[in-house]
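**Q** Residue-level listing of the chains:
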Amino acid sequence: MVDAASPVLFEGDEAWDGVGAAPAGDAALYLELDGWEGPLDLLLELARRQKVDLRTISILDLVGQYLDYIERAEALKLEVAADYLVMAAWLAYLKSMLLLPRDPEVQPSPEELALKLQLRLQRLGAMREAGARLMGRDRTGRDVFLRGAPEGLRVDRKALWKCDVFSLIQAYGAIKLRSQPVVHMVRERAVVTLDAALARVSQMLGIAIEWTDLRAFLPAEADPQLRKSAMASSFLAALELAKQGRAELAQEQAFGPLLLRAASGVGKAA
Amino acid sequence: MKARPDDLERAVEATLFAAEQPMSAGEISLHLGGADVGATLANLCLTYAERGIHLVERGGRWHFQTAPDLAHLLRREKEEPKRLSRAATEALAIIAYHEPVSRAEIEAIRGVQTAKGTLDVLMEAGWIRIAGRREVPGRPTIYATTPEFLTHFGLSSRRDLPGIEELRAAGLLDPVEEAFATLTGGEDGDTEAIDPSGEDNSD
Amino acid sequence: MKARPDDLERAVEATLFAAEQPMSAGEISLHLGGADVGATLANLCLTYAERGIHLVERGGRWHFQTAPDLAHLLRREKEEPKRLSRAATEALAIIAYHEPVSRAEIEAIRGVQTAKGTLDVLMEAGWIRIAGRREVPGRPTIYATTPEFLTHFGLSSRRDLPGIEELRAAGLLDPVEEAFATLTGGEDGDTEAIDPSGEDNSD
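Those sequence lines, one after another, are chains A, B and C.
The first sequence begins at 1 in our numbering and counts up one residue at a time.
The second sequence begins at 1 in our numbering and counts up one residue at a time.
The third sequence begins at 1 in our numbering and counts up one residue at a time.
Please note that a few of the clues may not be correct.
Stated by the list, open to error - DSS-like cross-link-like pairs, simulated, lysine-lysine; straight-line CA separation at most 25 Å:
#1 A:Lys51 x A:Lys95
#2 A:Lys243 x B:Lys116
#3 A:Lys158 x B:Lys82
#4 B:Lys116 x A:Lys158
#5 A:Lys162 x B:Lys116
Hints in this document: simulated from the structure, not taken from any laboratory.
Just so we're clear, the structure is a prediction, and the values are computed from it rather than from any experiment.
Could you put the whole structure together from the sequences, leaning on the hints where they help?
**A** Next comes the structure, spelled out in structure tokens:
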């Protein structure tokens, strides 16, 4: 382990250097309470002052020093942060357990707790030393330098265009399709025009005195399409004739057959 | 080249390497505590003469640079295969079937605007070239295909391009009516006049 | 040092000299059209070993830099890198020696909370990166070092970290619980100690 006072090891950390370099054990040290990074940090520093390997450190001594330290800080009326006090309470408990005759009922044993604390201090100590050695390496920009004005490597990306003849003619076909004027053709279909229906219905109505189903006026057609058309135009023709007063219409119920007869006046007149 | 450079040589070397600007012999000397660096610079020059890096003097100031014969390493071209966009493919097809055509004519046929970049891409690919100007108001630039175009598409001449009939037979013109072929004129799509409506739109 | 470097050596030399970033052997090879540069790099390393400039490998990437023993000559004009706080230094060491680690694991070793800014500083310096999440409850973020970390601290690889082998052999890189179990014959592991100092605050 490295001596805590080594300035090289912890260069650049004013607070810590200050503590490490402070005259042993005195007011200066206590005034630095803010400088510690928590109770573990303070414990590690106190351990280092024992100047022995952390593996052989006396936890009991360390606990004593820590408690002493906190007590004196309080005596100086320094604000002692809560986590330091919690640690102090725990260490006081540990110390009493270590000093009292061993009670096999208590788990974990105080020796185990002490060992854990020691392991933690070793780990923090190891990492603190590793950090210092890392910082002490030949660092880029401080100890070694890169080329001041590199020309730089440039890779110009050039597109290598790809297309094939099929895509080309396919594209041409697509353009032709798009630009072709759209023509809508309506297929010619057989229909019964309104005029034809009107002529047919009025002619047949002349001989129908009784109520007659509209369907009877339709031409006998096999083609259902044409029959529909005839039905539609015949219905319109019937309405037209009714409007002209030449026919009467009746329907007994909704969707029932539409009945038709010549208007009575007309019939008499004819 | 010396087996072991002396300390001054190493120092000058490192100083010039790390420098952000070329340095005069005086500046280097000042930097190194007043040592005379003239002979060292000449030495270093020789040391590096055959390497990939040279030490050169320009206007009394020294710097390292890449050996001139390796300058091509600094800017390297990398080719990346890229598929032609749909718009570019269509523009190319129109130029191939109707050349020479102006941009306005291409747009008239495509029925949409053609970005400037689209034709640039085709030029960059080496498939089209500027074939002069159309002698109409505005004198628009006209484009035609290049021999590289034929090579790339495996055509011996533009007459190899399938005509309208063949396109239809291939199902590429499916719903198109008979009358259409007469509109665009000709069976094989060779240099027939095209839709005149686009011709007068100046670029 | 060879009297006359071969073409590949000159090309690798020039490429690395001109590069703005360290380059892996693969990147160099790619830049030079696929040549195998492994032996050449080793050769160049030797060539420059005694010069004021060194060719070094850091985390699999190569670059030229000034010889460390000349630091005193070059430092005066250069701005020193910003000094790291003690908290950041410790956090960096813990990440480097234990990577990947979560913030809770860093805090377990340091015994104090890690301020948000501490890891940010290391991220900003480009020395650490987020290396995913630990698949435990809470899925804490874990951190690892970067190639730039190795470059900056002159490490060829993490194996070069000062003392890492000794620390590993001594079990100092193992968690306290694990080391404790080993020392006490595998008993412990889940003892609920009234330990106030944060050892068990796993994320």
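**Q** List, from low to high, the hint numbers that the structure doesn't satisfy.
**A** Of the numbered hints, just 2 does not hold.
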